[in-house]
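Participant: Chain by chain, the residues:
There are 2 protein chains.
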Amino acid sequence: MDTNNRRIVLARRPHGMVGPADFRLEEAAIPAPGEGEALVRVIYLTLDPYMRGMMSDGDSYADPVPIGGVMIGGTVGEVLESRDPSLKTGDVVEVYGGWQSHVVAPARQMRRIDPALAPISTALGVLGMPGLTAYFGTLHVGQPKAGETFFVSAASGAVGAVAGQIAKIAGARVVGCAGSDEKVAYCLDDCGFDACFNYRTCGDIGAAMAAACPDGIDVYFENVGGEIGWNAFWLLNDHGRMAVCGTISNYNAVTPETIEDPMWRFITRRLKVQGFLVTDFEADAANARAELAGWLADGRITWRQTVVDGLENAPAAFGRLFEGSNFGKLIVRVGGEPGTA
Amino acid sequence: MDTNNRRIVLARRPHGMVGPADFRLEEAAIPAPGEGEALVRVIYLTLDPYMRGMMSDGDSYADPVPIGGVMIGGTVGEVLESRDPSLKTGDVVEVYGGWQSHVVAPARQMRRIDPALAPISTALGVLGMPGLTAYFGTLHVGQPKAGETFFVSAASGAVGAVAGQIAKIAGARVVGCAGSDEKVAYCLDDCGFDACFNYRTCGDIGAAMAAACPDGIDVYFENVGGEIGWNAFWLLNDHGRMAVCGTISNYNAVTPETIEDPMWRFITRRLKVQGFLVTDFEADAANARAELAGWLADGRITWRQTVVDGLENAPAAFGRLFEGSNFGKLIVRVGGEPGTA
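Residue numbers (the numbering used here), protein chains in the order written: chain A, 1 to 341; chain B, 1 to 341.
Read the hints as simulated data drawn from the structure, not as lab findings.
Remember, it's a predicted structure, so these values are computed and weren't measured experimentally.
Don't be surprised by glycine CBs; every beta carbon is placed ideally from N, CA and C.
Misleading hints may appear alongside valid ones.
Claimed, not checked - Some chain B residues judged to face chain A by a derived CB distance under 10 Å, without partners named:
hint, residue
1, G53
2, E260
3, R265
4, I267
5, D280
6, R333
Sequences are here, hints too, so could you generate the full structure?
Facilitator: Printed below as a string of structure tokens:
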């Protein structure tokens, strides 16, 4: 059993592409829970693209992590000690614990999860924030109708693959793009997409997208921004909708890109472009998670994750999200399964 | 009484700023109505910015006017002869008659208007397409709530002034910008705006806008595009909405403008930007017109028009929309009042 809390803090604000030198591993005493709190041993830590924004002090929807502060993020772990009647030792919980081996937090900020329902790491993936993001972005923002064309970028990713499968359930024709032939095959063969192309090898991205979407795009689920995102925008049909979830292609950019002014196009096609955060839909999260769990149990939704071993490897693994070398939900195994500590 | 139909046709597709040389005045025989049709003597013709788009074969929501074709547009006139039981000689109607002195159309495409309700030219303004555009763009797209800041560009215009007054009725703090001190005074004194600035003399437009909107912008009613439009976009608050009605600043542009890529901002502020056409809301038009007429009767909405005499002066007058030298709804008087022909 660990005697110290191992944690990864932000060493400096990254300039351009994030890298291991932007982080630092520290050790500290394991904190003790106060009244109403619990101490959790972290088992899994999720790595998500949004964390890049939290490392910079530029435009964002939340304050950045301070220099020297523990990196933020969702975790799944086992309760070691509880000072709240709602939790007991051995419970498995989801908590926004950050990049560390142990966390103390109010019990009301922890969500108990049922290990019999699905592997506990799915609480950070298809049944967690990425799955809920896909759910709300697709069904509440994009709202694909049967027969419409739904296009999603980063299609094999933790959000994209779920969004595409939900759009299939809604009856849409689902098209995606991804960064390797293996990812394209996953979207087609495992996720049931109707079409998918490799944006790295397709040549002209606009032409490849138009060929894959011969009837145009009715709903675009935006994960990447940049060239792919704007090509999809210009392919939107009358009354097309765009659910803007992420723009990962420019999270490490130092200077803003310029684009052709799109404003007139909003009128000619009567477009709706809407940005969203999963936290905007918190009131509906429990229902959404239950519906996702049902689709998982039915086999209507599949998921895929890549697990990296060891908290100390999180900084290097994080960069893989932006290189495109990660496949599916990226998870760090911080400690052993429940009961093994 | 005229013996010929005088009409203005599109002589050529304009390159850059539209001008009188792009039009040609022709005469032709007055057409005779067929079964189910009526012949109307045009009294008023409306000139609206959207007509510029119909002169070019670029990206639009409708096919352009062919070279040699009669310019399109809304008119109000008097029925001279009817071959449909729904209309009789002397009725005053609104009809999409175009830039000409006489028009034959199916009676079912004509809307009889009540001259006792308001001056008949308002059927082309506050009680017509511009008023309905303001109504739907404000209440259905932008949806300002009490206490929110509503910003509108081209604020003294046929659409902008009505949009701002409707947002006032909805309880918003209403701010505008316009192109002369006289227009600014009209917005403040007659339309009841809370603030308004002259974008031609204010210096830095972004700074002037921020000063006039100290709490940011919750709803932006976009009429102009370009520098004003994008400054307003970047001032939108969390969950801000933008109703994109027009982008008049670039209707005469030869090459597209470039802008800073705004996609990430959609997420950080959870913005919704939506383009619309008044025709998308046709099913609700009668109710909306009735509500507007009520506000007009109550004195809660005021309106202003500039009338130019003579169909032959329509081409020169049309350019005033893009120079900003027009004030309020721009109308051409094509013929005498009902009963005077």
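Participant: Compare the structure with each hint and give your call.
Facilitator: Hint check results:
1. For the restraint placing G53 (chain B) at the interface with chain A, the shortest Cβ-Cβ distance is roughly 8 Å, inside the 10 Å limit, so the hint holds.
2. The criterion of a C-beta within 10 Å of any C-beta in chain A is met by E260 (chain B), whose closest approach is roughly 5 Å, and the hint holds.
3. The interface hint given for R265 (chain B) is met, as the beta carbon of that residue sits about 7 Å from the closest beta carbon of chain A, less than 10 Å.
4. Interface restraint check: I267 (chain B) against chain A, minimum CB-CB distance 4 Å, threshold 10 Å, status holds.
5. A hinted interface residue such as D280 (chain B) counts as satisfied when its beta carbon comes closer than 10 Å to some beta carbon of chain A; here the least separation is about 6 Å, so the hint holds.
6. A distance limit of 10 Å between C-beta atoms decides the matter here; for R333 (chain B) the minimum to chain A is near 30 Å, and the interface restraint is violated.
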